[in-house]
Amino acid sequence: MATTPSHVWRSCGLTTIGTVRKHNEDAYLALPEKGLWVVADGMGGHSKGDIASQTIVDAYADFEPSRTLSQTIDDLEDRSLHVNHILREGVADDPRNIMGSTLTLMYASQGRAYFLWAGDSRIYRYRDGHLIQITHDHSFVQESVDKGAMLPEEAAAHPSSNIITRAVGVHEDLFIDIDYCDVKVGDKYLICSDGLFKDVTLNHIAEKMDDIPFKAAEGLIKMALANMANDNVTVIVVECAEGKK
Amino acid sequence: MSLPDNNLRRLSAAHARGLIDTPTYRRLRTAQLGAMEFNRKVPELPEDMQNIAIPKQKIDVPHEPRKTKSSKTGLIIGLIIVAAIAAGAAYFYLQLQQ
Numbered sequence: 001m002a003t004t005p006s007h008v009w010r011s012c013g014l015t016t017i018g019t020v021r022k023h024n025e026d027a028y029l030a031l032p033e034k035g036l037w038v039v040a041d042g043m044g045g046h047s048k049g050d051i052a053s054q055t056i057v058d059a060y061a062d063f064e065p066s067r068t069l070s071q072t073i074d075d076l077e078d079r080s081l082h083v084n085h086i087l088r089e090g091v092a093d094d095p096r097n098i099m100g101s102t103l104t105l106m107y108a109s110q111g112r113a114y115f116l117w118a119g120d121s122r123i124y125r126y127r128d129g130h131l132i133q134i135t136h137d138h139s140f141v142q143e144s145v146d147k148g149a150m151l152p153e154e155a156a157a158h159p160s161s162n163i164i165t166r167a168v169g170v171h172e173d174l175f176i177d178i179d180y181c182d183v184k185v186g187d188k189y190l191i192c193s194d195g196l197f198k199d200v201t202l203n204h205i206a207e208k209m210d211d212i213p214f215k216a217a218e219g220l221i222k223m224a225l226a227n228m229a230n231d232n233v234t235v236i237v238v239e240c241a242e243g244k245k
Numbered sequence: 246m247s248l249p250d251n252n253l254r255r256l257s258a259a260h261a262r263g264l265i266d267t268p269t270y271r272r273l274r275t276a277q278l279g280a281m282e283f284n285r286k287v288p289e290l291p292e293d294m295q296n297i298a299i300p301k302q303k304i305d306v307p308h309e310p311r312k313t314k315s316s317k318t319g320l321i322i323g324l325i326i327v328a329a330i331a332a333g334a335a336y337f338y339l340q341l342q343q
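So the sequence lines, in the order shown, correspond to chains Y and C.
Our numbering applies: residue 1 is where the first sequence begins, and numbers increase by one.
Our numbering applies: residue 246 is where the second sequence begins, and numbers increase by one.
Note that these hints are calculated values from the structure, not bench results.
List time: in silico DSS-like cross-link candidates among lysine-lysine, alpha-carbon distance up to 30 angstroms:
#1 K184(Y) - K317(C)
#2 K222(Y) - K22(Y)
#3 K301(C) - K198(Y)
#4 K198(Y) - K215(Y)
#5 K222(Y) - K184(Y)
#6 K317(C) - K222(Y)
#7 K215(Y) - K22(Y)
#8 K301(C) - K286(C)
#9 K34(Y) - K222(Y)
#10 K198(Y) - K222(Y)
#11 K301(C) - K184(Y)
#12 K198(Y) - K147(Y)
#13 K184(Y) - K198(Y)
#14 K301(C) - K147(Y)
#15 K184(Y) - K286(C)
#16 K184(Y) - K34(Y)
#17 K22(Y) - K198(Y)
#18 K184(Y) - K215(Y)
#19 K286(C) - K34(Y)
#20 K215(Y) - K34(Y)
#21 K215(Y) - K317(C)
Go ahead and model the full structure; you've got the sequences and the hints to work with.
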């Protein structure tokens, strides 16, 4: 639990290997006292996806907010660029050494939440009974939907739905997307890997988000496992409560 | 429903599409974040970046929040109080009748 002048942040993160995969290539980090939460999903199509995701999460373990917001956001981005550089080092010798991972993080400060991401791990916000998706996937199917070449309802079941167009470690140049929103007391945020939303409907996710973070995270994982959980599943549920005035 | 467009999204889209280089992106982003941090009006973006299309998520799942335990508890307590008042009133009424 962490307190800012007007907000208290509570969170719970859980991950599961699922019922099919042999390794858990997801990793997460929850630092509520620093206002930072990170989910990374190593890619199954690449070797050593678990190393890639863990390297990303480790890069944020000693995070401290900087003197200004701008410096903090630069630092959050720089850490991902540094990991991208590290993961790319071995690729020059042998392209089969590619290690990749999505990165999705939320940073809360001074009444706002900032979202940085690359890939298709997502952030949702649950506010006043409405669940909305904040991040925009960097994936082949999402880009096809954006261009009007595919209907949104066709995207989830498309054979190429697992192809992502941005990830840490895959390309020499990494572009991290950024967005933000004002925070309201009572808001809940869900940061998750694609294993969750491929196995659990958005209606069921919204239903679970009514609960406190621990129960919500546990309920979401249980629901994914009940639906077979073909992929690794990772969730962090973050709740904003009223803090000390 | 999705978050409203904002200059940070426009800038990161412009950067990813190669419309601005990294130093320019960082400089413009710093100006935006600096204004936001100190509650000043955010500076306008250069004209060629003001109308950058931002892909939108149209995912909005409405959900009727469940009644929480505390509201259920409140309801039960309320019913007990009403029942106690009714029982008390009936008792005094019967006492008066006698």
